[in-house]
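Chains A and B, in that order, are what the protein sequence lines are.
The first sequence stops at residue 245 when you use my numbering, and every number in between is there.
The second sequence stops at residue 168 when you use my numbering, and every number in between is there.
To be clear, the hints were calculated from the coordinates, so they are not data collected in a lab.
There's no promise every hint is true.
What the hints assert, rightly or not - Calculated pairs, DSS-like style, for lysine-lysine (alpha carbon to alpha carbon, straight line, at most 25 Å):
#1 A:Lys-73 x A:Lys-232
#2 A:Lys-164 x A:Lys-196
#3 A:Lys-196 x A:Lys-73
#4 A:Lys-245 x A:Lys-221
#5 A:Lys-234 x B:Lys-88
#6 B:Lys-88 x A:Lys-232
#7 A:Lys-232 x A:Lys-221
#8 A:Lys-164 x B:Lys-88
The lines below spell out each chain.
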Amino acid sequence: MNLEPNPSLPVKRQAAFAPPLKSSSHINIHGSRHLSRRILGCRWASHIPVRLIPVAVVIASILASGCTLLATKPYVFNGLLFDDPVAAPGFTLTDQNFQQVSLRDFHGQIVLLFFGFTNCPDACPATLGTWKQLERALGENSHHVRFIMITVDPERDTPERMGKHLSLFHPEFIGLTGSVEEIEDVAQDYNVFFEKANVGSASGYLVNHTTLTYVIDTDGKLVLAHRPYETKAKEIADDLEQLLK
Amino acid sequence: MLIVTLTMLASCTPSTTNTHANSGAMVVRPDRDMSEPRTALGSALSHGELHIQDAWARPAFRRDNSAVYLTLRNNGIQAERLVGATTKIAAVVEIHEVSMQDDVMHMRPAIGGVVIPANGHVDLSPGRYHLMLVDLNLDIKDGSYIPLTLHFQHSGEFHMNVSVVQAE
Numbered sequence: 001m002n003l004e005p006n007p008s009l010p011v012k013r014q015a016a017f018a019p020p021l022k023s024s025s026h027i028n029i030h031g032s033r034h035l036s037r038r039i040l041g042c043r044w045a046s047h048i049p050v051r052l053i054p055v056a057v058v059i060a061s062i063l064a065s066g067c068t069l070l071a072t073k074p075y076v077f078n079g080l081l082f083d084d085p086v087a088a089p090g091f092t093l094t095d096q097n098f099q100q101v102s103l104r105d106f107h108g109q110i111v112l113l114f115f116g117f118t119n120c121p122d123a124c125p126a127t128l129g130t131w132k133q134l135e136r137a138l139g140e141n142s143h144h145v146r147f148i149m150i151t152v153d154p155e156r157d158t159p160e161r162m163g164k165h166l167s168l169f170h171p172e173f174i175g176l177t178g179s180v181e182e183i184e185d186v187a188q189d190y191n192v193f194f195e196k197a198n199v200g201s202a203s204g205y206l207v208n209h210t211t212l213t214y215v216i217d218t219d220g221k222l223v224l225a226h227r228p229y230e231t232k233a234k235e236i237a238d239d240l241e242q243l244l245k
Numbered sequence: 001m002l003i004v005t006l007t008m009l010a011s012c013t014p015s016t017t018n019t020h021a022n023s024g025a026m027v028v029r030p031d032r033d034m035s036e037p038r039t040a041l042g043s044a045l046s047h048g049e050l051h052i053q054d055a056w057a058r059p060a061f062r063r064d065n066s067a068v069y070l071t072l073r074n075n076g077i078q079a080e081r082l083v084g085a086t087t088k089i090a091a092v093v094e095i096h097e098v099s100m101q102d103d104v105m106h107m108r109p110a111i112g113g114v115v116i117p118a119n120g121h122v123d124l125s126p127g128r129y130h131l132m133l134v135d136l137n138l139d140i141k142d143g144s145y146i147p148l149t150l151h152f153q154h155s156g157e158f159h160m161n162v163s164v165v166q167a168e
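With the rest of the complex left out, here is chain A:
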């Protein structure tokens, strides 16, 4: 994937980050501090004196049909990784209760962020439906995750419209809107392209827009992106659980 900064967007601001990698990379999340652990690959193997390792290996190979020596296999993210995670661009917008909400309000939690509009019949409800399943899949961990939708149609998407739309999915999903300029600024910061399209629909103009969901970690870093239709709720849950470790 090559999400270039969009040349047709007025260049008032540059996006704060480079696009994520096309495919997910391996991240070795288990630093190998102990030699024994490195050789045997088991978490508790660091307690085995190195000289007894050959004995342990023989016994292990005889008995261990169940022991998966893959206990420290590096986790492979289902989403798209950002090569060089930067601080997620801040914003302050208006939520469905007319409150001013800033990204920094959620520091310490994971934030899922996507840009859509309420008249969108396809990608946006698909994302929100996945989020609903994701929230369930996370179980207890859902307390550490915030779900935020920012509109790319501020002219039609008032706070009431956002609230009503999100109520179809989950009472705690946050819907943000603002002035046209505020929305344009945050979209540019996040490298999100959007444009009105008059295609002769009876529903009025449609909005073509970037459909990635961004994942901001508990340190406020933009770390991952997911595509709608491609990643299932369970796969996103696995990614988030990994980030919460």
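Position chain B against the provided structure of chain A, taking the given hints into account.
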């Protein structure tokens, strides 16, 4: 040593958490006269050589829009074309085509409708095509059914009820 090794072998097995999303049972609560054939996910209706499968609609509020998805299977030797659809519960139904370019979603009316090739099928599914119901005149809720008439180029009209389902 053996005991220690066995204990460690037991610890080696990575713990797996079973976090299956609860897919939820779809509640079927017909709320109108069921004289038209119905579909629910996993079932199919026939219209001549055509089979209409897995039709479902998104819940939505009155005055808003919704989307209907379905699979059209053509067992005939002649290609068919879905040229339109109508419903009494919305002002207009439009066939839309969705395409993704560099993660930007583009949506536009499907000019000429959707072709269902002979001995083939077409999926009206998220990210591909959908029937957009514009300006609903009532709320449509998860578990209910909505009437829909499909218009085909060769085989004419087909009336059906489509189930409204919340989850993907």
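These are the hints, each one checked on the structure:
1. A C-alpha spacing of about 22 Å is found between A:Lys-73 and A:Lys-232, which places the hinted pair at or below 25 Å, so the restraint holds.
2. With a C-alpha separation of about 22 Å, the suggested pairing of A:Lys-164 with A:Lys-196 holds against the 25 Å cut-off.
3. The hinted pair formed by A:Lys-196 and A:Lys-73 fails the criterion: a straight-line CA distance of about 46 Å is larger than 25 Å.
4. At roughly 15 Å between alpha-carbon atoms, A:Lys-245 and A:Lys-221 fall within 25 Å of each other, so this suggested pair holds.
5. A hinted pair counts as satisfied when its Cα atoms are at most 25 Å apart, and A:Lys-234 with B:Lys-88 does not qualify at roughly 38 Å.
6. Restraint check for B:Lys-88 and A:Lys-232: the C-alpha separation of about 34 Å exceeds 25 Å, so the hint is violated.
7. With a C-alpha separation of about 23 Å, the suggested pair A:Lys-232 and A:Lys-221 falls inside the 25 Å cut-off, and the hint holds.
8. Distance check on the hinted pair: A:Lys-164 and B:Lys-88 sit about 24 Å apart at the alpha-carbon level, within 25 Å; holds.
The structure is inconsistent with the numbered hints 3, 5, 6, although it conforms to all the rest.
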